Amino acid sequence: MKILYFAWIRERVGFSQEEIDLPPQAQTVETFLTWMKSRGEEFDYALEKDGAVRIALDQEHCNDFSCSLEGVSEIALFPPMTGG
Amino acid sequence: MKILYFAWIRERVGFSQEEIDLPPQAQTVETFLTWMKSRGEEFDYALEKDGAVRIALDQEHCNDFSCSLEGVSEIALFPPMTGG
Amino acid sequence: MTNDTKGPIVRIQSEDFDTAQILQQATKDNSNIGAVVTFTGLCRDEGGKLAALELEHYAGMAEAEITRIAERAFAHWPLDQLIAIHRHGKIAPGENIVLVIATSSHRQAAFEAASYLMDFLKTKAPFWKKEHLIDGTSSDWVDATDKDDEALNRWKDI
Amino acid sequence: MTNDTKGPIVRIQSEDFDTAQILQQATKDNSNIGAVVTFTGLCRDEGGKLAALELEHYAGMAEAEITRIAERAFAHWPLDQLIAIHRHGKIAPGENIVLVIATSSHRQAAFEAASYLMDFLKTKAPFWKKEHLIDGTSSDWVDATDKDDEALNRWKDI
Numbered sequence: 001m002k003i004l005y006f007a008w009i010r011e012r013v014g015f016s017q018e019e020i021d022l023p024p025q026a027q028t029v030e031t032f033l034t035w036m037k038s039r040g041e042e043f044d045y046a047l048e049k050d051g052a053v054r055i056a057l058d059q060e061h062c063n064d065f066s067c068s069l070e071g072v073s074e075i076a077l078f079p080p081m082t083g084g
Numbered sequence: 001m002k003i004l005y006f007a008w009i010r011e012r013v014g015f016s017q018e019e020i021d022l023p024p025q026a027q028t029v030e031t032f033l034t035w036m037k038s039r040g041e042e043f044d045y046a047l048e049k050d051g052a053v054r055i056a057l058d059q060e061h062c063n064d065f066s067c068s069l070e071g072v073s074e075i076a077l078f079p080p081m082t083g084g
Numbered sequence: 001m002t003n004d005t006k007g008p009i010v011r012i013q014s015e016d017f018d019t020a021q022i023l024q025q026a027t028k029d030n031s032n033i034g035a036v037v038t039f040t041g042l043c044r045d046e047g048g049k050l051a052a053l054e055l056e057h058y059a060g061m062a063e064a065e066i067t068r069i070a071e072r073a074f075a076h077w078p079l080d081q082l083i084a085i086h087r088h089g090k091i092a093p094g095e096n097i098v099l100v101i102a103t104s105s106h107r108q109a110a111f112e113a114a115s116y117l118m119d120f121l122k123t124k125a126p127f128w129k130k131e132h133l134i135d136g137t138s139s140d141w142v143d144a145t146d147k148d149d150e151a152l153n154r155w156k157d158i
Numbered sequence: 001m002t003n004d005t006k007g008p009i010v011r012i013q014s015e016d017f018d019t020a021q022i023l024q025q026a027t028k029d030n031s032n033i034g035a036v037v038t039f040t041g042l043c044r045d046e047g048g049k050l051a052a053l054e055l056e057h058y059a060g061m062a063e064a065e066i067t068r069i070a071e072r073a074f075a076h077w078p079l080d081q082l083i084a085i086h087r088h089g090k091i092a093p094g095e096n097i098v099l100v101i102a103t104s105s106h107r108q109a110a111f112e113a114a115s116y117l118m119d120f121l122k123t124k125a126p127f128w129k130k131e132h133l134i135d136g137t138s139s140d141w142v143d144a145t146d147k148d149d150e151a152l153n154r155w156k157d158i
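Chains as they are written, first to last, in this note's numbering: chain A, 1 to 84; chain B, 1 to 84; chain C, 1 to 158; chain D, 1 to 158.
Honestly, I wouldn't trust all of these hints.
Stated by the list, open to error - Cross-link-like lysine-lysine pairs, in silico, DSS-like; alpha carbons within 30 Å at most: (1) Lys28(C) - Lys156(D); (2) Lys28(C) - Lys6(D); (3) Lys90(D) - Lys28(C); (4) Lys147(C) - Lys156(D); (5) Lys49(D) - Lys90(D); (6) Lys49(B) - Lys28(C); (7) Lys49(C) - Lys90(C); (8) Lys147(D) - Lys6(C); (9) Lys28(D) - Lys6(D); (10) Lys6(D) - Lys37(A); (11) Lys130(C) - Lys37(B); (12) Lys6(C) - Lys2(B); (13) Lys49(D) - Lys156(D); (14) Lys37(B) - Lys28(C); (15) Lys28(D) - Lys2(A); (16) Lys156(C) - Lys156(D); (17) Lys124(C) - Lys90(C); (18) Lys147(C) - Lys2(B); (19) Lys28(D) - Lys49(C); (20) Lys6(D) - Lys147(C); (21) Lys124(D) - Lys49(A); (22) Lys28(C) - Lys147(D); (23) Lys49(A) - Lys156(D); (24) Lys49(D) - Lys6(C); (25) Lys2(B) - Lys28(C); (26) Lys49(B) - Lys6(C); (27) Lys37(B) - Lys156(C).
These are computed hints drawn from the structure, not numbers from a lab.
Only a predicted model underlies this, so the values are computations on that prediction, with no experimental measurement involved.
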């Protein structure tokens, strides 16, 4: 799985992307995030504000954290957007 | 009193402006319009559609036909506007 | 940010105007604007049937009335600038009729002020349009539409 | 009039753009447009304190997301054209950040489509702004605002 980080989430994690094998328990967005936070202090710090983390699956917003990750090849994590 | 006519009201009256002495009964917009229509066929024809006639007193819209004409020096009569 | 030293700029003219140039001037001396909304109203060719529009106007009142509307907008929204240019006389299809520019540090203020000014200008500014058709058969005054009157209801609290 | 053969034009780029030139191109080959609404978002200098804005973006998704929003607008309003250009990278005060142009034969359709696109772009397009101040003391990420989220409520039926 390709994982991308943006803005201050990227800064807290310390890099902008990685290629990683997800563990079997990371079946949905919710279980994926729980696992991510357990990967180390920098991940826990980057993702601590649950309400502030936005997620995109294969470049589409996902607002439903019960979404399955089956068939997904790119996950992006980022704070609320400030475009325009 | 200077009276101005615009668009199809001007075309029906046959000219675009005149300088005229108002009769004593033309004290308000309403009595002024009644008198205007009595001036001849072309005026009656130009002003027949009551709802369609708009009036400006000294270059300001007047929506209240009970308005007094005291102190007014320029009256304009025209159909609904189609600017923009 | 409201600039209290400025008011709206209103111009009534027969000659055409250059939207791009006016837009550039409106923004060049201020780096704190944020949002610029521009409305350009062009003469439609009505599916190729229109030869020209003729815009009759009430000189003096046209400028006064648009200025009154623009000043109400200026008082209501936090605007930097509000510019309105309206042409009169003969206008060919594709040519400019009207230009409104609203600049503000707030996006919605700029959108709303420009939209407000256009809605009022449509029904309150003393202009009347006559259509000249290509086949020469008729030259009719354009009717005011209920839709334009209804558009004003959106702003009844302003 | 809806032109079914065209869809929105979306460009994501680091280089600046020329609003005037794009505006001219958008209107030159069509004499039946009627209404053109242009929104330009500029980098504010924040009262002289800002050295530059840095816009980070999610390449690929930025274009895809703005295209999705623009296509919804295109499907909802009778538009001739809908153009969105968004810059990324370092942007100095007074420079362009974003441009939206909506053309239509209906004035309110053009205003609403441009305003809708901007509202969604603000909160749904994957861009993040970092402010670099002139005094060099801090470089902070700009917070998303509730006001921008609330702006979306206006469009919940679309």
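Do the hints match the structure? See the list:
1. Under the criterion of a C-alpha separation no larger than 30 Å, the hint pairing Lys28(C) with Lys156(D) is inconsistent with the structure, at around 36 Å.
2. For the proposed pair Lys28(C) and Lys6(D), the alpha carbon gap of about 33 Å is over 30 Å, so the pair is violated.
3. Of the pairs offered as hints, the one joining Lys90(D) and Lys28(C) holds, with about 19 Å between alpha carbons and a cut-off of 30 Å not exceeded.
4. Between Lys147(C) and Lys156(D) the CA atoms are separated by roughly 23 Å; this keeps the pair inside 30 Å, and the hint holds.
5. For the suggested pair Lys49(D) and Lys90(D), the alpha carbons sit about 16 Å apart, so the restraint of at most 30 Å is met.
6. Under the criterion of a C-alpha separation no larger than 30 Å, the hint pairing Lys49(B) with Lys28(C) is inconsistent with the structure, at around 50 Å.
7. For the given pair, Lys49(C) sits about 16 Å from Lys90(C) by alpha-carbon distance, which is consistent with the 30 Å threshold.
8. Proximity of Lys147(D) to Lys6(C) is assessed by CA-CA distance (about 28 Å); at most 30 Å being required, the pair is judged to hold.
9. At roughly 16 Å between alpha-carbon atoms, Lys28(D) and Lys6(D) fall within 30 Å of each other, so this suggested pair holds.
10. Simply put, Lys6(D) and Lys37(A) have alpha-carbon atoms about 45 Å apart, too far for the 30 Å limit, and the pair is violated.
11. With a C-alpha separation of about 25 Å, the suggested pairing of Lys130(C) with Lys37(B) holds against the 30 Å cut-off.
12. The hinted pair formed by Lys6(C) and Lys2(B) fails the criterion: a straight-line CA distance of about 34 Å is larger than 30 Å.
13. Of the pairs offered as hints, the one joining Lys49(D) and Lys156(D) is violated, with about 37 Å between alpha carbons and a cut-off of 30 Å exceeded.
14. For the hint pairing Lys37(B) with Lys28(C), the CA-to-CA distance comes to about 55 Å; that exceeds 30 Å, so the pair is violated.
15. Taken as a hint, the Lys28(D) and Lys2(A) pair is broken in the structure, with Cα atoms around 45 Å apart against an allowance of 30 Å.
16. Taking the CA atoms of Lys156(C) and Lys156(D), the gap is near 23 Å; set against the 30 Å cutoff, the hint holds.
17. Of the pairs offered as hints, the one joining Lys124(C) and Lys90(C) holds, with about 21 Å between alpha carbons and a cut-off of 30 Å not exceeded.
18. With a C-alpha separation of about 33 Å, the suggested pairing of Lys147(C) with Lys2(B) is violated against the 30 Å cut-off.
19. As the CA atoms of Lys28(D) and Lys49(C) are separated by approximately 18 Å, the hinted pair is consistent with the 30 Å bound.
20. Restraint check: the Cα-Cα separation between Lys6(D) and Lys147(C) comes to about 28 Å, which is no more than 30 Å; the hinted pair holds.
21. With a C-alpha separation of about 19 Å, the suggested pairing of Lys124(D) with Lys49(A) holds against the 30 Å cut-off.
22. Distance check on the hinted pair: Lys28(C) and Lys147(D) sit about 28 Å apart at the alpha-carbon level, within 30 Å; holds.
23. Of the pairs offered as hints, the one joining Lys49(A) and Lys156(D) holds, with about 27 Å between alpha carbons and a cut-off of 30 Å not exceeded.
24. About 24 Å separates the Cα atoms of Lys49(D) and Lys6(C), which keeps this hinted pair within 30 Å; it holds.
25. Straight-line distance between C-alpha atoms of Lys2(B) and Lys28(C) comes to about 45 Å, which puts the hinted pair past the 30 Å bound.
26. Restraint check for Lys49(B) and Lys6(C): the C-alpha separation of about 42 Å exceeds 30 Å, so the hint is violated.
27. With a C-alpha separation of about 34 Å, the suggested pairing of Lys37(B) with Lys156(C) is violated against the 30 Å cut-off.
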